[in-house]
Amino acid sequence: MRPSSRAAVNLWAAGFAGSALIQGLFPRAFARQTGWGHNGGWQREIAIWNLGTLTAIVALRQGGTDVDRGLVAGFSVLSALFGANHLAEALKDPRNLGNWAGAGANAIGLASGVAALTKGYD
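To convert, take the position in the sequence shown, counting from 1, and add 6; that gives our numbering.
Quick caveat, the hints were computed from the structure, so don't treat them as lab data. Only a predicted model underlies this, so the values are computations on that prediction, with no experimental measurement involved. Yeah, the Cβ is synthetic: ideal placement off N, Cα and C, and Gly gets one too. One should not assume that every hint holds.
Computed list of lysine to any residue pairs in SDA-like fashion (alpha-carbon distance at most 25 Å, straight line) [unchecked claim]: (1) 125 - 21; (2) 98 - 40; (3) 125 - 83; (4) 125 - 40; (5) 125 - 98.
Taking CB as the label site, the calculated pair distances span [said to hold, decoys possible]: (6) 43 - 110: 12 to 22 Å; (7) 64 - 103: 14 to 24 Å; (8) 20 - 42: 37 to 47 Å; (9) 7 - 110: 18 to 28 Å; (10) 16 - 124: 31 to 41 Å; (11) 38 - 73: 32 to 42 Å; (12) 73 - 41: 14 to 24 Å; (13) 66 - 121: 20 to 30 Å.
Sequences and hints are given; from them, build the entire structure.
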């Protein structure tokens, strides 16, 4: 079963919210599970990016038109690039569970996006 564009965007929104909470409230704990280590500025930027994206989703949905398909395309690109970045680091050191989690989460997002885009228009 292929998800609708709205379901795919909702999946990403949940991921953005989770990431914003983790990076905003628990950056050191998360950083210990990655190969990058803690970087307060970088992690705050991630939290801010996620909050900004969530804000854009809410704002775009207020217009009454279906913008989810466009969002799915953009989020698919983000998931592909973020996933590749996490996977590259995970392959350097397989003990970095945070990078494996990031690669896996982005793979789920990318798969959802591709499936939604191949479904056609809602």
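Okay, the hints, checked on the actual structure:
no.	hint	in the structure
1	125 - 21	22 Å, holds
2	98 - 40	11 Å, holds
3	125 - 83	17 Å, holds
4	125 - 40	35 Å, violated
5	125 - 98	36 Å, violated
6	43 - 110: 12 to 22 Å	21 Å, holds
7	64 - 103: 14 to 24 Å	32 Å, violated
8	20 - 42: 37 to 47 Å	23 Å, violated
9	7 - 110: 18 to 28 Å	21 Å, holds
10	16 - 124: 31 to 41 Å	18 Å, violated
11	38 - 73: 32 to 42 Å	38 Å, holds
12	73 - 41: 14 to 24 Å	36 Å, violated
13	66 - 121: 20 to 30 Å	21 Å, holds
Against the hints set out earlier in the document, violations occur for numbers 4, 5, 7, 8, 10 and 12.
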